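Guided by the hints, dock chain B onto chain A, whose structure is given.
Sequences listed follow chains A and B, in order. Start counting the first sequence at 1; every next residue gets the next number (this note's numbering). Start counting the second sequence at 1; every next residue gets the next number (this note's numbering).
Any given hint might turn out to be false.
Quick list of the computed label-pair ranges, beta carbon to beta carbon [said to hold, decoys possible]: (1) VAL93(A) - THR625(B): 21 to 27 Å; (2) MET556(B) - ILE97(A): 20 to 26 Å; (3) ILE97(A) - GLN153(B): 44 to 50 Å; (4) TRP866(B) - ILE97(A): 48 to 54 Å; (5) GLN65(B) - VAL93(A): 44 to 50 Å.
None of these hints come from the bench; they were simulated from the model. If you're wondering where the values come from, they're calculated on a predicted model, not measured in any experiment. We treat Cβ as the ideally placed atom computed from N, Cα and C, and that holds for glycine.
Residue strings, one per chain:
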Amino acid sequence: METLYAITVGTLTACSVFLILRGRSFPIVIGLTMLSYAVNLFLFSTGRLAINELPLIGVGETSTDPLPQALVLTAIVIGFAMTAYSIILAVRVRGEIGSDEVNDTNYAEQEGQR
Amino acid sequence: MNLAAIVFLPFLGAILPLLLAGRSRVQVTVATALVAAVSLTFLVMASPAVFAGETAYFFAEWLPQLGLHIGFRLDGLALLFAGLILIIGILVIIYAHYYLSTEDSAPRFFSCLLLFMGSMLGIVTADNLILMWFFWELTSISSFLLIGYWFHQSNARRGARMALAITGAGGLALLAGLLLIGNIVGSYQLDAVFAAADTIRGHELYLPALILVLIGAFTKSAQFPFQFWLPHAMAAPTPVSAYLHSATMVKAGIFLMARLLPVLGGTTEWFTIVTLTGLATMLFGAYFALLKTDLKGLLAFSTVSHLGLITMLLGLGSTGAVIAALFHILNHATFKAGLFMIAGIIDHETGCRDMRKLSGLRKAMPFTMVLAVITAASMAGIPFFNGFLSKEMFFAEAYQQDLFGGLSWFVPVLATLGAMLSVAYSVRFVHDVFFQEPTHDLPKQPHEPPFMMRVPVIIFATLCLAIGIAPMLIASDLLTPAVAAVTQSVPVLDIAIWHGFNMPLLMSALALIGGLVIYIGRSELLTFSRQFDPHDAKEVFATIVSATTRFCDELMQRIENGSLQRYIALLLVLTLVLVIPELTAIRGLTGGRPQLPVDAISLIGAIVLMLAALATAMLHRQRLTSLMMLSVVGLVVSLVFIHFSAPDLAMTQLVVEAVSIILMILALFFMPQRIPRASSGRRVARDVLLAGTIGGIVGTLNYALLTRPLNSISDFFLANAVSGGGGSNVVNVILVDFRGFDTLGEITVLAIAAAGIHKLLNNLRPFMPSSDVDGRPWHRIKHPLMVQTVAQAILPLALMVSFYIFLRGHNLPGGGFIAGLVTAAAMILQYIANGVDWVKSRFDYNYQTLTSVGVMIALFTGVGSWLFDHNFLTSAFTHVHWPLIGEFELATAILFDLGVYLTVIGATLMILANFGQMTTRHRPRQEGY
Chain A
1 METLYAITVG
11 TLTACSVFLI
21 LRGRSFPIVI
31 GLTMLSYAVN
41 LFLFSTGRLA
51 INELPLIGVG
61 ETSTDPLPQA
71 LVLTAIVIGF
81 AMTAYSIILA
91 VRVRGEIGSD
101 EVNDTNYAEQ
111 EGQR
Chain B
1 MNLAAIVFLP
11 FLGAILPLLL
21 AGRSRVQVTV
31 ATALVAAVSL
41 TFLVMASPAV
51 FAGETAYFFA
61 EWLPQLGLHI
71 GFRLDGLALL
81 FAGLILIIGI
91 LVIIYAHYYL
101 STEDSAPRFF
111 SCLLLFMGSM
121 LGIVTADNLI
131 LMWFFWELTS
141 ISSFLLIGYW
151 FHQSNARRGA
161 RMALAITGAG
171 GLALLAGLLL
181 IGNIVGSYQL
191 DAVFAAADTI
201 RGHELYLPAL
211 ILVLIGAFTK
221 SAQFPFQFWL
231 PHAMAAPTPV
241 SAYLHSATMV
251 KAGIFLMARL
261 LPVLGGTTEW
271 FTIVTLTGLA
281 TMLFGAYFAL
291 LKTDLKGLLA
301 FSTVSHLGLI
311 TMLLGLGSTG
321 AVIAALFHIL
331 NHATFKAGLF
341 MIAGIIDHET
351 GCRDMRKLSG
361 LRKAMPFTMV
371 LAVITAASMA
381 GIPFFNGFLS
391 KEMFFAEAYQ
401 QDLFGGLSWF
411 VPVLATLGAM
421 LSVAYSVRFV
431 HDVFFQEPTH
441 DLPKQPHEPP
451 FMMRVPVIIF
461 ATLCLAIGIA
471 PMLIASDLLT
481 PAVAAVTQSV
491 PVLDIAIWHG
501 FNMPLLMSAL
511 ALIGGLVIYI
521 GRSELLTFSR
531 QFDPHDAKEV
541 FATIVSATTR
551 FCDELMQRIE
561 NGSLQRYIAL
571 LLVLTLVLVI
581 PELTAIRGLT
591 GGRPQLPVDA
601 ISLIGAIVLM
611 LAALATAMLH
621 RQRLTSLMML
631 SVVGLVVSLV
641 FIHFSAPDLA
651 MTQLVVEAVS
661 IILMILALFF
671 MPQRIPRASS
681 GRRVARDVLL
691 AGTIGGIVGT
701 LNYALLTRPL
711 NSISDFFLAN
721 AVSGGGGSNV
731 VNVILVDFRG
741 FDTLGEITVL
751 AIAAAGIHKL
761 LNNLRPFMPS
771 SDVDGRPWHR
781 IKHPLMVQTV
791 AQAILPLALM
801 VSFYIFLRGH
811 NLPGGGFIAG
821 LVTAAAMILQ
831 YIANGVDWVK
841 SRFDYNYQTL
851 TSVGVMIALF
861 TGVGSWLFDH
871 NFLTSAFTHV
881 HWPLIGEFEL
891 ATAILFDLGV
901 YLTVIGATLM
911 ILANFGQMTT
921 RHRPRQEGY
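Only chain A is shown next, with the shape it has when bound in the complex:
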């Protein structure tokens, strides 16, 4: 199970890094969002994987580590704020300069490859 989990997190990271390396703002925001999922999964797993060990007192015999959960919970909300901020920044940039390319326009003319 640990192997599977790690592979999944790795795949998520790889896909989001690929998206972040694109030249347009929208895929980058999608990539950032997915990267925050990957990071959350990673952080969450620092408490190790446990099935049916809810972090509630008096429910089960044992309990999983609640601390990473608390941290990741706020991280999810902050991640949302970050996603929102970056997407709206992208909209604003598109409104201001009429393009969604993230590179310097001079550079774009030189290279012409996105």
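Structure of chain B alone, referenced to chain A:
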């Protein structure tokens, strides 16, 4: 205390000229001279003890952890230099009063001069190496200001820049050297350093330390090959040249060598480096002094030459050589300052400094001529002038040394050659300017300067003669303690004009005759030297500087080419470079923790998750599809949380996912509809490789982490959640109680992000297409009835659920974050289903206020603990028995959670509702709401 006053008075006094800026120049000059005079008085008051062979100290702690103290010492060496600095300083101030023209700002000049004076005094009296370095750098800065005093002239600016670059770089080398010494000794106090002299000389870091310190000294004292900045510093006003570039600042390097001679000297390395550098500098400077046509240029190179002579003497290091070195410092300061002032007078009264144009001034300026003859004779080393005595001692030392074995004879020979050149340029200075046929095409009609302008020169000339005739009477009291401070033993001084017929006398005679011969044959020499390419140091320096700048520019263009993609790729590569070596060092990736078996559901979930992620990445050009795939990823992630015992996370993730996707669909509306061009194959290959490597490493790390045993601090939270926090949902108790301060920070960040978005949307004019990419108009029914009906029915249910989740959060999965998100999602649904107008007409609430209120409630809940003498955010709880409902728990934490709840609702709606209004008449147009 007096010692500190000597140094700090000029610094304080530097304000005085600026305060008197509106007054007459006489007042400014008098005030400046008074500052120096008071400082000199303190010095004189402290001097009797030094003459008696004692050392005066001042000590105050500054940064004891760094070994840095404000410590001053006044021994013979410090006294000699401090005396020179202050006395020559006062004379230069008087001279400058007449020299500066009415357009020049005298307050600025005198203020900089006093700054320089204080820094210089700091160097010579500092008892702490770092403090000495501090003042050393201050002299570089103040000399920069003084050389660049006429900043409207480009050569002044360039000269100042060059001087600062060279001496500044040398200063850094010096700092490194001093730090090495301090590291070896364990203290920066001079006495401790002196005591540890043998340790330092025996240490393996001795040579690096020596070389670094010498670089500092050589750059400051314009020794070969760093001599080139000094002639260009002559763009400074002449008083500055006389003061800084002959008498004081360039002697700082000499002082440093003398100061550290007991510590660093006495080794073969010291002899070889210092002696040879001094010798080379002496010859180099003397030769170029002869070729210069500019009066100040001649003096500048002559200064380089004489500094080389002193350096060479210090390199020899014997007691006799130290006496000769210090004596020559004194003598050089007197005749060279005088000569510079004469050059300044000539420049001032004729408007010309070119020796090819100047001639026959003896009729117009007879008095000045006499002074020039005296000081130049001293520079040439003619008997009965002080220069003769020290040069004679120099010859004796050069003759007596046998440092280079069978080749030792070349030192006295080259020394004599240097002296010949010195005689030649001295004769040239006087003969070219004052004798020969008078010229008439000078910019000004030459005449004698004002009497007071001559006074400083008269004093210098008198000193030249007086010391030259009665050296023991005048100089021995000053020199004896100074030599004692360097050699650390009491010397016997015997300076006399006549030692009988001996080798030094022969060398002097040879130098005089040879010098005259060289002068007579100078035209041959000039013709000879003309065939060489004139390497202007300034141009070489400028070439180096511009080459460096160009190189940096190109580097910047290469690195910073405007491609953000490139930047992020480079950052990622750097990450790999840093992480990969660490990972290869891990032995055995799999840890000892027992692993869970894979079940079918998990396997299917993982496959779906990975496929969705891959699809998101691969279909990124079809944006809506890509977004849908992302939502699949987000939903499966929430399932992952459920599966691995994290119900709170699953709920949060679920709602956040929904809200994010709605937001991004909204944003998609404003994005270009055209499908972007595909990236080039090379770029895709590069990115896939990079992303794959990063993903692989993250996965590896995660695996290594997951298979290792857990050692967590959470046992504390589990044990104390009920007793200390009053709740059985440990995650929530951590959020609102144990780590409440973190949560407070996080909701603040959320509120700030929302405010930032609000600001970004203000006055935004987005592109709003009226049709899709194929030209089809949007559907005319904006709000389908079915959605409207369902949404309206859901709202009360959702509110009830969120209230329930909120209340139970402390004990069961739930809490402020989740409840807030559920409420916000329900509200967003109303906007989507019914439109902004519909919502506004029923619920026109200001979300900014809601957010602020939420943060405030959370904050004041925390502050409330102070009223009960508890720490910030300490929670209290009690159990109340309510009729019908039963036992119910009341905790202050729930108040805090209410703050979280409101903030989350406010921030989420601030983001989404404001953004959604972009297409309507409610879109934000100006400040406020």
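These are the hints, each one checked on the structure:
1. VAL93(A) - THR625(B): 21 to 27 Å: holds, 23 Å
2. MET556(B) - ILE97(A): 20 to 26 Å: At roughly 23 Å between Cβ atoms, ILE97(A) and MET556(B) fall inside 20 to 26 Å, so the hint holds.
3. ILE97(A) - GLN153(B): 44 to 50 Å: holds, 45 Å
4. TRP866(B) - ILE97(A): 48 to 54 Å: holds, 50 Å
5. GLN65(B) - VAL93(A): 44 to 50 Å: holds, 49 Å
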